[in-house]
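Chains as they are written, first to last, in this note's numbering: chain L, 3 to 210; chain E, 4 to 671.
Derived by calculation from the structure, the hints in this document are not laboratory data.
Don't take each hint at face value.
On the chain L side, residues computed to face chain E include the following (Cβ under 10 Å) [as the list claims (entries may be wrong)]:
no.: 1; residue: Phe75
no.: 2; residue: Thr76
no.: 3; residue: Thr148
Here are some of the chain E residues that sit facing chain L, going by a computed Cβ distance under 7 Å [to be verified]:
no.: 4; residue: Ala131
no.: 5; residue: Arg210
no.: 6; residue: Ala264
no.: 7; residue: Leu267
no.: 8; residue: Gly472
Yeah, the Cβ is synthetic: ideal placement off N, Cα and C, and Gly gets one too.
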Amino acid sequence: MADTAVATPVAHDDHSDHGAHHTSTGLSNNKLAMWMFLGSECLLFGGLISTYMLYRGRHSENLGPDQVWDIPFTSASSFVLLMSSLTMVLAVTSANRADDRNTKVWLSVTALLGALFVAGQVYEFTTFYREGLGFTTSLFSSSFYTLTGFHGVHVTVGIIMLMSLVGMISKNRVPGSKAETVELFGLYWHFVDVVWILIFTLVYLIPA
Amino acid sequence: MAIIERPSAPALDSPSVPAVATPSTSYGVFRRPVETTGWKSWLFTIDHKKLGIMYGVVAMAFFIIGGIEALLIRAQLAGPNGTVLSADKYNQMFTMHATTMVFLFVMPMAAAFANYMVPLQIGARDVAFPRINAFGFWAFLFGGLFLNTSWILGGAADGGWFMYAPNSSVAFSPTNGVDFWALGLQITGIASLTGAINLIVTVINMRAPGMSLMKVPIFTWMVMVVQFLLLFAMPVITVALFLLMFQRSFDATFFSVEAGADPLLWQHLFWIFGHPEVYIIVLPAFGIVSEVLPVFSKKPLFGYPLVVFSGAAIGFVGWGVWAHHMFASGLGPISVAVFSVATMAIAIPTGVKIVNWTLTMWNGKIRFATPMLYAVGVIVQFTIGGLSGVTHSVAPSDTQQTDTYYIVAHFHYVIFGGAVLGLFAGLYYWWPKMFGKMLNERLGKWNFWLTIIGMNLTFGPMHIVGLQGQPRRMYVWTENRAGEGFFNIGFWNLIASIGSLVLSLGVLLFLINIYVSHRKGTQPAPLDPWDARSLEWMTASPPKEHNFDAIPTVGHLDEFFHRKYEDRGTEDHHDYHQVATAEDLLAEQEANAEKHIHLPSPSYWPILLAFALPIMAYGVIYNILLIAAGALLALVSLYGWGMEPHTATDDDYDPPTTGTDLEVASHG
């Protein structure tokens, strides 16, 4: 998490990004750091996706991807997650307008949609498990649960951060620029969504 | 970042403080640890210079531990049928020797210099995220300690530093050693990752006015290349370590060959990290050498842009050569050919550096002070290691050399001869800057020559025994297979073991040198003892807490040199005359000192957050409840961190002050 700027008790509160004026590039340190972090995350998911792609075909006869996937259900939960990106954008716009009320509303809706997605994942995992696909069943199952589990943890961490942010806005305890903080959370959230588009395509849609 | 320094006297014209946005006290009954002296000032510091020193001290301690492990290995191999170590202990010893030296000595020692010098070299007052910097140090320390507790908790990891799976599965390595290894390296990996983000942002965003990227000192450049390598390599090893952890602790099947697993998965993941890691190890030392050579040759670095671009080129091509570690694994002729050619190609930018260094010295007024000796040592020793490296790039030849002592000889010449000698050059060069005392030159020269002779005696014979076929990682060799005459491996193993003693004597002299140089009554170091060229020397030694009284505006590469010397020559013929001394420049800076210098305050949270990591790691091995406890501590620390204002409030001081100057420089 970025080391955010000090809450400035100085009079000129103009909602602008104070940091940008002082850096060599004009970009704020926090934003640059978030982009670097996301760049690093690409390699993390890259490694996990490669592992899955290597092992997707290694399973017993009747417990492979084609047997266990429920594409309509996962499509619906994917749609929910993508919609949360839309609400995140609305939160960022509200924050840019310094509209605290709507920022909180849209952040909460984003968290709710994210939670819905995670709930769907829990349901999906439970169903697969009941059908006999445990974590240790096959190479396919180990790598599938690890990849999607990692993504689920990212969404969950995102939800916790969103809710914390709503709380901090309510109590007026966001250090630094509110608009930028919301925007940085947004970057993370969109990244997690984009990764899901990749996972959904590679894991679910391409036939094994 | 907000850079706020406690003002000495309340400023009368300060703006009034509205009661919004910041809480009046930081943590209820707890005061913020605002001490500037004593143990608390180190434990909770977020000053990049203190953290740099702590990185250095801890790295040096791990260097000694790793060195003792190496001495035990050499004692075991000194004669036939060695009995110093059992086969099992021997496996743990070489695994931990390599792990300690790579992850707990060379990398953090480079981090020590990066932390200390980068903000000074670019004319900044701290790194971009000082608290994250502190967190990185503590995560590294706790990760290293966690890793080493395995010695007393059932035995250390024993699968070699690259821990090939499935050989590292429970069936072949039943103690918790490998679990400690996988978890410990994840913790130090988090430290590296946060450090990488921090330093990249620092170099990109916090340069002094006028310092374009091509005016950035070469050490800082090489550090930045390394941080990009870390940024992209660390997540890959993290994936591998996670898979290994799941395999061992939660019965996943990633490396279970009987379930159809691919034994090359681990090798690919490890070496995609592992080869960039090689450059992560050596590039900071290259940066140091590129700083030292010009200073002691009284010439600018020859072809600075080429040195920068070849460093960056190494950073890029370094991603395309990993499979040369796997030539013996049966990748197929096309992969082998591609990686073979790529490996030969990466020798080019490295060669460019060597040529530039040599031409920097060419026609220079060379002073062979200790830092210079070490820097020249790097050129010679690293070139030897580089040449044996090129022989590995030829796949058929490599197939013969794989898993023999020839490989061990090669990587010790590049890591010890490149990285470690380079780091020692840095220690001698920057010591007066960091501590205000010169290291003793006489002892330094003894230190250097014993180290050089020791390393060649230790690692040189390994070429011979390796080509004779002595395998790596064998815990004994026997007389009846030792060979005859010149090639008798018994003789050369004994020489190598004697060499390791000479080498340790060299290192011991360094420690004695520190003691001798800091005895009571030794003179403080001159402000500019080496007639240096870059900005870190344009401030007090050791630097003040805020580094510079006034941030310099930069007009040149080697800004400090150009402020001291004026060019009275023509366009083709430079004729430099000294117009100012370091003392003059410092006095000028002090006269123009900025009134409102802002530094962030120390914090409890970085060390607490870092402490949560080993608790969770012990939890993975022993008890799931510990994971919950660690996660709780982490959560509390994160919230504390997130809501903590950058600067201590008046209530945190004893006695509390009022009417503080609250003008805030808030950037990030």
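Which hint numbers does the structure go against, in order from smallest to largest? 1, 2, 7 and 8
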